[in-house]
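For the protein sequence lines, the chains are W and X, in the order given.
Counting from 1, one number per residue, gives the positions in the first sequence under my numbering.
Counting from 1, one number per residue, gives the positions in the second sequence under my numbering.
It should be emphasised that the hints constitute simulated quantities derived from the structure, not laboratory data.
Keep in mind that a hint or two might mislead.
Said to hold, decoys possible - What follows is a set of in silico ranges between Cβ atoms, one per label pair, in the way DEER data are often shown:
#1 Lys33/X <-> Lys282/W: 49 to 55 Å
#2 Gly109/W <-> Val32/X: 30 to 36 Å
#3 Ala159/W <-> Asn57/X: 55 to 61 Å
What the hints assert, rightly or not - List time: in silico DSS-like cross-link candidates among lysine-lysine, alpha-carbon distance up to 30 Å:
#4 Lys245/X <-> Lys198/W
#5 Lys234/X <-> Lys246/X
#6 Lys198/W <-> Lys104/X
#7 Lys126/W <-> Lys188/X
#8 Lys272/W <-> Lys126/W
#9 Lys234/X <-> Lys2/X
#10 Lys33/X <-> Lys244/X
#11 Lys272/W <-> Lys244/X
#12 Lys244/X <-> Lys144/W
#13 Lys272/W <-> Lys33/X
#14 Lys126/W <-> Lys196/X
#15 Lys246/X <-> Lys229/X
#16 Lys272/W <-> Lys282/W
#17 Lys272/W <-> Lys229/X
#18 Lys196/X <-> Lys282/W
#19 Lys198/X <-> Lys188/X
#20 Lys272/W <-> Lys2/X
#21 Lys198/W <-> Lys188/X
#22 Lys272/W <-> Lys246/X
#23 Lys282/W <-> Lys2/X
#24 Lys272/W <-> Lys194/X
#25 Lys246/X <-> Lys198/W
#26 Lys21/X <-> Lys126/W
#27 Lys234/X <-> Lys245/X
#28 Lys234/X <-> Lys282/W
#29 Lys104/X <-> Lys2/X
#30 Lys33/X <-> Lys196/X
#31 Lys194/X <-> Lys2/X
#32 Lys282/W <-> Lys245/X
#33 Lys229/X <-> Lys198/W
#34 Lys21/X <-> Lys272/W
#35 Lys282/W <-> Lys229/X
By construction, the Cβ of each residue, glycine as well, lies at the ideal position given by its N, Cα and C atoms.
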Amino acid sequence: MNRILVIAEHAGGRLNPSTAKCVTCARAIPQAEVTVLVLAADGAPVAAQAATLAGVARVVHTDNPANAQPLAAVLAPQIAALAGPYSHVLGPSTTFGRDLMPRVAALLGTSQISDIMAVDGDRRFKRPVYAGNAIVTVEVTSDKIVGTVRVASFEAAPAGGNAAVESAAPAAGIPTHTRFVSVSAGKSDRPDLQTASKVVSGGRALGSAENFEILYRLADRLGAAVGASRAAVDAGYAPNELQVGQTGKIISPELYLAFGISGAIQHLTGIKDARTIVAVNKDSEAPIFEVADIGLVADLFQVVPELERLLGAG
Amino acid sequence: MKKILVGVKRVVDYNVRVRVKPDGTGVALDGVKMSVNPFDEIALEEALRIRERGQANEVVVASIGPADSQQQLRTALAMGADRALHVQTDSTIEPLGVARAFLKLVERENPFLVIFGKQAIDDDNGQTGQLLASLWDRPQVTFASRLELGEATARVTREVDAGLETLDVDLPAVITADLRLNEPRYVKLPDIMKAKKKPLETLSLADLGADTREHLRIVRVGPPSQRTKGVMVKTTEELVEALKKKGLF
């Protein structure tokens, strides 16, 4: 049997959907028994949410005031102290997991397997390299396997579970050398970019932060999240948390609407698991048309208002 | 002596579209342009600015890799680093081995700050900085977009999925650089000439005594699945029709 420990991501007492995706990855490992670990100041509410995920055998929460913010240096020694009975320790390949899991791996004496996109066996996984231009199959040879899960590659585990919940107090020294100051989150009444089923995204062609507003309006009409290319973020048209691509967010929505995005390989890496890609660009030679399911060579400033109008009519 | 240690990796240039070798052993690298990992350039730029503000005396760059890595170290010296360390090896060292070798360099050089790029654009692992911080038992701030140094602490803003997070850390600490930390300077020709005279020390992994045993074995390298090219429409109305057909509008 493989005992898999999944590290829950959560904020404000809510389980992040990335955790349900990690559970699906964990369940793809042969003979998996899945435990979810919640580290929090008060973990019971999040643990209760994790317990409803189908396929989770057990939820453990570790409550400590020091766990109020997800500081890698604080969480890692606690995870390592609890990792003993587990063959695999997995976290999401979000900024939370990418920060934390290598710190855990080092404590367990191994390298991390980053961005697992497919499970090929107990210790064999596929992952992308070179911005997704190649896929490597990796065999992990260390006793413990520590990995991050590329959340765009896995469906969320459905509800319907009823796992036992328990608490644990690991004996681990908690450092005080790292202190949380603040987090400035963007507007949150839109769907989360990483898990939204529809995403409206803009590139440098938007020309300004003011012009980006037309995409927010369209997104709100569609119930979509908003994304941006690196060029648009670098130019200050959109905040950093909207960046989609190799070094931003990797997403897999049902519908990705790209306006004025040329389609650099680093951007395409972030969207190639989208079900349907729509590209609107003035430049008929833009590389985004090579991957788009539906392409329209046109001025986005004409198309976006027309879309809004047609949506209103529909 | 207040030192900053910066990690520099030789990688395939970001403009190169790599091709997988037909035999599945790797990607074709013959004759391909190699560069300093772009995130490492940002890491180095930050270190240079700290030194130029008088908050550090020396910037030391280090690379672990084949003999040719010295080209990238020379580029780093031309950008303004004071000194380079080259840990020469022809084997591919996985992230934990690199972090263990860097820990040995840290013990030798005693820096108050170690800065890496947040990931290398070849293997996209994104873990060396965190591994080093963990082995060293020091703070880490990944994906940094702003760094303010105090006497014994640093205030660092990082790009996280929710937005921007700010942490205070005690020094020494490990920082990994994100895209928007700064814009690296261009190297000028006279600097390239000057860089040839700057010290570059070559070490072996055996000299350092770092354990670089393998935990991740590459079984095969294959091409990604390709998306098929779709249809082109001519008007917004046609676009809406096509989306309606797919049940997406």
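Against the structure, the hints:
1. Lys33/X <-> Lys282/W: 49 to 55 Å: Between Lys33/X and Lys282/W, where Cβ atoms are some 30 Å apart, the hint is violated.
2. Gly109/W <-> Val32/X: 30 to 36 Å: 34 Å, holds
3. Ala159/W <-> Asn57/X: 55 to 61 Å: 58 Å, holds
4. Lys245/X <-> Lys198/W: Distance ~16 Å between Lys245/X and Lys198/W Cα, so the pair holds.
5. Lys234/X <-> Lys246/X: 18 Å, holds
6. Lys198/W <-> Lys104/X: 48 Å, violated
7. Lys126/W <-> Lys188/X: Given pair Lys126/W, Lys188/X is violated - Cα atoms ~42 Å apart, limit 30 Å.
8. Lys272/W <-> Lys126/W: 16 Å, holds
9. Lys234/X <-> Lys2/X: 62 Å, violated
10. Lys33/X <-> Lys244/X: Roughly 45 Å separates the two Cα atoms, so the pair is violated.
11. Lys272/W <-> Lys244/X: 22 Å, holds
12. Lys244/X <-> Lys144/W: Roughly 48 Å separates the two Cα atoms, so the pair is violated.
13. Lys272/W <-> Lys33/X: 26 Å, holds
14. Lys126/W <-> Lys196/X: Answer violated: Lys126/W to Lys196/X is near 42 Å, above 30 Å.
15. Lys246/X <-> Lys229/X: Satisfied, since the Cα-Cα distance of roughly 16 Å is no more than 30 Å.
16. Lys272/W <-> Lys282/W: 21 Å, holds
17. Lys272/W <-> Lys229/X: 12 Å, holds
18. Lys196/X <-> Lys282/W: It is violated: about 47 Å lies between the C-alpha atoms, which goes past 30 Å.
19. Lys198/X <-> Lys188/X: 16 Å, holds
20. Lys272/W <-> Lys2/X: Not OK: Lys272/W and Lys2/X at ~45 Å, beyond 30 Å, violated.
21. Lys198/W <-> Lys188/X: Violated, at about 46 Å.
22. Lys272/W <-> Lys246/X: 18 Å, holds
23. Lys282/W <-> Lys2/X: Roughly 52 Å separates the two Cα atoms, so the pair is violated.
24. Lys272/W <-> Lys194/X: Violated, at roughly 45 Å.
25. Lys246/X <-> Lys198/W: Holds, at about 13 Å.
26. Lys21/X <-> Lys126/W: 17 Å, holds
27. Lys234/X <-> Lys245/X: 16 Å, holds
28. Lys234/X <-> Lys282/W: 12 Å, holds
29. Lys104/X <-> Lys2/X: Given pair Lys104/X, Lys2/X holds - Cα atoms ~18 Å apart, limit 30 Å.
30. Lys33/X <-> Lys196/X: Judged against 30 Å, a Cα distance of about 21 Å means the pair holds.
31. Lys194/X <-> Lys2/X: 23 Å, holds
32. Lys282/W <-> Lys245/X: At roughly 24 Å apart (the allowed maximum being 30 Å), Lys245/X and Lys282/W satisfy the hint.
33. Lys229/X <-> Lys198/W: 20 Å, holds
34. Lys21/X <-> Lys272/W: 22 Å, holds
35. Lys282/W <-> Lys229/X: 18 Å, holds
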